[in-house]
Amino acid sequence: MITYRDAVREAIRDALRKDERVFLMGEDVGRYGGCYAVSKGLLEEWGPERIRDTPLSESAFVGAGIGAALGGMRPIVEIMTTNFSLLALDQIVDNAAAYLHMSGGQFNVPLVIRMATGAGRQVAAQHSHSFEGWYAHIPGIKIVAPATLEDARGMLWTALEDPDPVLMFEHAGLYAMEGELAADAGAVDIAKARVRRPGRDVSILTYGASLWKALDAARRLSEEGIEAEVIDLRSLRPLDDESIVGSVTRTHRALVVDEGWRSGGISAEISARITEQAFYDLDAPVARLCSAEVPIPYARQLEEAALPRVESIVAAVRALVPAPHG
Amino acid sequence: MSARGEHGLRLLHQMLLIRRFEEKCAELYSGEKIRGFLHLYIGEEATGVGVVENLAPDDAIVSTYREHGHALARGISPGAIMAELYGKQEGCSRGRGGSMHLFDAATRFYGGNAIVGGGMPIAVGLALADRLRGQKRVTCCFFGDGAVAEGEFHESMNLAALWRLPVLFVCENNLYAMGTRIDFTHALTDLRAKAASYAMPAASVDGMDVEAVEAAAKSAADAVRSGQGPYFLECRTYRFRAHSMYDPELYRSKAEVEEWKRRDPIPMLTARLKERGEADADALANVEREVGGAVDRAVAFAEAGTWEPVEELMRFVYSERSAAP
Amino acid sequence: MPSLGGDMSAGRLVEWHVKPGDHVTRGDTIATVETDKANIDVEVFETGTIERLTAAPGEKLPVGSVLAYIGGEGEAAAPAALRAAAPEAPPERVLASPLARKLARELGVDLSAVRGTGSHGAIERADVERAAARKPAEPPAAGMRRAIAAAMARSNREIPHYYLETRINLRAALDWLARVNLERGVEDRILPAALLIKAVARALTQVPELNGYWIDDGLRMQSGIHVGVAVSLRGGGLLIPAIHDADRRSVSELMAAMRDLITRARSGRLKGSELTDSTITVTNLGDLGVETVFGVIYPPQVALVGFGKIVDRAWVESGDIGVRPTVNATLAADHRATDGHRGAQFLAAVERALQEPAVL
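Chains as they are written, first to last, in numbering that gives the first Met the number 0: chain A, 0 to 325; chain B, 0 to 324; chain C, 0 to 359.
In isolation and in its complexed conformation, chain A is listed as follows:
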């Protein structure tokens, strides 16, 4: 029995072991043991050159990660949370995502940036963002959201092997999640969605922490005779159109569950793609369940009401799927 956090740590350890070019760099990853205890113990194992504490200089250390990758290393840059990544947005968008293109193909940036993301722990507006969808807007980078232990363990190596920048979003609420994982669980792909629960009445398309809420919702709906298919998107850029369309073509109804805000979010992109590619198989408009369009509030009941919940997913599906007869 291990936790998601353990799985990420093991993935980092594995990478450090397999490739001497790999090093971890970020705020409090060393002496503090990592804000979320992901890198706890790694400094003692690997030393300060490979487990590098940085000053509070997101722009500089993300840019340094880009430079180090250009210079032949394989850095894992840890930005404490998605919220702080905004300070490094220029480096990510204008350098990491664009270098290959601006240089006419000469300089690729094999960088991995890991960030904690998401809300639900009463840490208020500036610490609760889900910007996976925003980043997924940008050509030149790849966006993944490991939601399971297997993915937390296996996506990092594949991301490190990728010649282009990969942003990995770990939902902070999942770090303590426990589960079983084979000791030899290895690398997994970072481009495909997975059907986590097959179903015939509706496709619930989601990622990250919302996956678990959707699975809970699906269990409840099953008792009412509604069988929901739950798809874990895993990769938000590129989106796995084939899996999305394949599922909706079978179920004829889709609900996108996204912790980001609705307007212009990744849920809108997914909905558009379904309309483009599966229109004639739709029995109802694509539905979306996203966070309420407010900065995430501190008070518990307000925060809960703002985020997707199991109850609201169940209600959304009930509104979407005709009541089963008999």
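Be careful, since some hints might not be right.
Computed spacing ranges between beta-carbons, pair by pair [unchecked claim]: (1) A:G224 - C:A55: 32 to 40 Å; (2) A:Q300 - B:A192: 53 to 61 Å; (3) B:V316 - C:R51: 31 to 39 Å; (4) B:M313 - C:R25: 43 to 51 Å; (5) B:D295 - A:G71: 37 to 45 Å.
Derived from the structure by calculation, the hints contain no laboratory data.
Ideal Cβ placement from N, Cα and C applies to all residues, glycine included.
We have chain A; now place chains B and C onto it with these hints.
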């Protein structure tokens, strides 16, 4: 001819190449062969040439949008640069970058950055890689006085000093951040003094005197290369032309420009070489001719270049080989 | 979409018998199309290779729409042309999901009659399925009846009919037939109907004005004599496939052709040309006990020949009364094309032909 004499002519050749190339760019821009933004290095040649002379072939350069001079001094072919300015696929960035994004893997020239201060963290990272791999190389990072106000300057300086990284920070202080004079930008206008706040060794040099720059840059580069950590070199220089092609220069007086032109680095070196007997009329005419020929050839190369087919548009967003080496 | 009958304005593609890449020769059947009257095999008039099928099974398309592209030998593919849109007349907007619309098309459900249970009252798949389950099946051939009704009404309106009748002694014909049939098995014995048709065909060679079409205020006589044989269908429909070149076929061949046409008519496998090529129609209702047929001409034909039941009747010959098998033969003719004189000559020719069956 002594080695120093030859070297002097070389410095002159380098500066003159930049000067004539940039003059040609101005002309071509008016003729709409070059489009978008064009930031000319005219007047600042001594800085770029003097610094780059001290860089080894496997050192790295990170530059700004006013980078033609650095690229030429570094040895990127004038034809490849001109073709890039034209937007032809024979350009050093395949026509994808343009004036502000010159890249060349062979000479470790990492652009070409249009975001002021945006290249500085990258320079820190390149130096970090060298440090981690035990390679004794210098990463030379050019930036202007305006960049010193950006957060990224401070973060980068601090990080480089903290980790003792081999970065040569070269501040080309031409007194203006686009149209804003330095005293409207900085509470402390003595830029060299800022390095002290990062416990970084620093020097300031007359950026119009190529030999002075070369000497100062040598000390700086040697220090960096020896593993002592980063170094901050301020070059006090001046651009004779506008910030870019569309700038009416309302922010400075013509008198000021004329005064700085009296210290034009090229006539200054020419006079010195003559004085020292290191260059006679023939030699100078020769240099002029060589440079003229090189610029003409560059233009011809660009003119003859081809446009990347539109069908190729979606290339170079992601790498085409499946895994990094 | 070929025109498969005078009144046809649109057809529904039932199925393709070819796929892209198949080689076809002129005359091959390449698809089955459903019209108001029947399912008809569509033949192709080109030889070449199927390049693209642009119509999908289940689609209803107007006559003239492109169904497929056929490349000639060595021809480059013709550039894709826009498909003609099926001319639907949406009176008011019906809210239905794309899936429901697709299903409604396939099941032949009229969306305007379906109650929707989706949001905003939209029709969803389940609503269409329920409607299809409830829908009483149309009597077979209802569409056909409508078409026949239209044709008959038009005929009555436009064609000035005149009627002539004659009674024909079939002793010679039937004796001949009996002798011929001794040498044939039961399955391929020749029926009197074949003789009657042959006689009509022979008579038309002598009165060709009855073998033509009235089109645009003029009679266009036809060179081929293609006798349309009325075939009744189970469920109340009627088809009139043509026996091509009936005058050139032997009685035995005519019989075989008739059998084949009747079988294929009843199983919905007639070719398009068989339904459109009749130059005259023969209605034989004798099997049903009718003595005389007073028919209505099928435009643009100009004549219809009717035969009633073959009945033994009293016959006077050379002053003696005897009993002969006889049949009442009628001619309904278009008075614009012919007058009674020619019509009478025609019936007389039929009568003569039936007295010398051996030379028919």
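Do the hints match the structure? See the list:
In this structure the supplied range 32 to 40 Å holds for G224 (chain A) paired with A55 (chain C), their Cβ-Cβ distance being about 35 Å. Range check, Q300 (chain A) to A192 (chain B): Cβ separation about 54 Å, and the 53 to 61 Å hint holds. Look at V316 (chain B) against R51 (chain C): about 34 Å separates their beta carbons, and that is inside 31 to 39 Å. Evaluation of the 43 to 51 Å hint for M313 (chain B) and R25 (chain C) yields a pass: the beta carbon distance comes to about 47 Å.
Under the hint 37 to 45 Å, the C-beta atoms of D295 (chain B) and G71 (chain A), about 38 Å apart, fit the expected range.
In this structure, every one of the numbered hints holds.
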